[in-house]
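Add 794 to a position in the sequence shown, counting from 1, and you land on the number used in my numbering.
In short, the hints are calculated from the structure, not lab data.
Fair warning: this is a prediction, and the values are worked out from it, not measured in the lab.
Some hints here could point you the wrong way.
[What the hints assert, rightly or not] Straight-line distance between alpha carbons at most 20 Å, and here's what the computed DMTMM-like set of lysine to aspartate or glutamate pairs gives:
| hint | residue 1 | residue 2 |
| --- | --- | --- |
| 1 | K843 | D823 |
| 2 | K843 | E824 |
| 3 | K808 | E798 |
| 4 | K859 | E847 |
| 5 | K821 | E834 |
| 6 | K821 | D836 |
| 7 | K821 | E798 |
| 8 | K821 | E846 |
| 9 | K812 | D823 |
| 10 | K809 | E798 |
| 11 | K808 | E824 |
| 12 | K812 | E824 |
| 13 | K821 | E847 |
[Claimed, not checked] Okay, the calculated beta carbon distance ranges per label pair:
| hint | residue 1 | residue 2 | range |
| --- | --- | --- | --- |
| 14 | V807 | A855 | 40 to 50 Å |
| 15 | K809 | T844 | 28 to 38 Å |
| 16 | W800 | A855 | 49 to 59 Å |
| 17 | M795 | E834 | 42 to 52 Å |
| 18 | E847 | K812 | 41 to 51 Å |
| 19 | M797 | M845 | 21 to 31 Å |
| 20 | D823 | E798 | 33 to 43 Å |
| 21 | T818 | E847 | 15 to 25 Å |
| 22 | F867 | T844 | 22 to 32 Å |
| 23 | D823 | T863 | 33 to 43 Å |
| 24 | Q854 | D823 | 17 to 27 Å |
Each residue gets a CB set at the ideal place from its N, CA and C atoms; glycine is no exception.
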Amino acid sequence: MNMESWKMIRSTVKKKQKLVRSSTQRKLDELRQIIPGCNEVDIETLFQKTMEEILELEMQADILKTLLTLYGFDQNSSH
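Work out the full structure: start from the sequences and follow the hints.
See the structure below:
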């Protein structure tokens, strides 16, 4: 492979890396908007807060399921 081919391959790889970085950044920006209080935090904090938010939502869902069962609404019934 000649030097020109290597340069073309290298250029293509750099462009793909840039696309991946910008795609990842867009997804992180979206996540920052979804998770409360995370507009200006670093990635580590963002992931920590995301995990906490997921656990909190799971706990809320479990509480709601328990309340539904307690008040006689079965998940399989058509109330």
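Subject >> Hint numbers not upheld by this structure, sorted from lowest to highest >> reply: 7, 11, 18, 19
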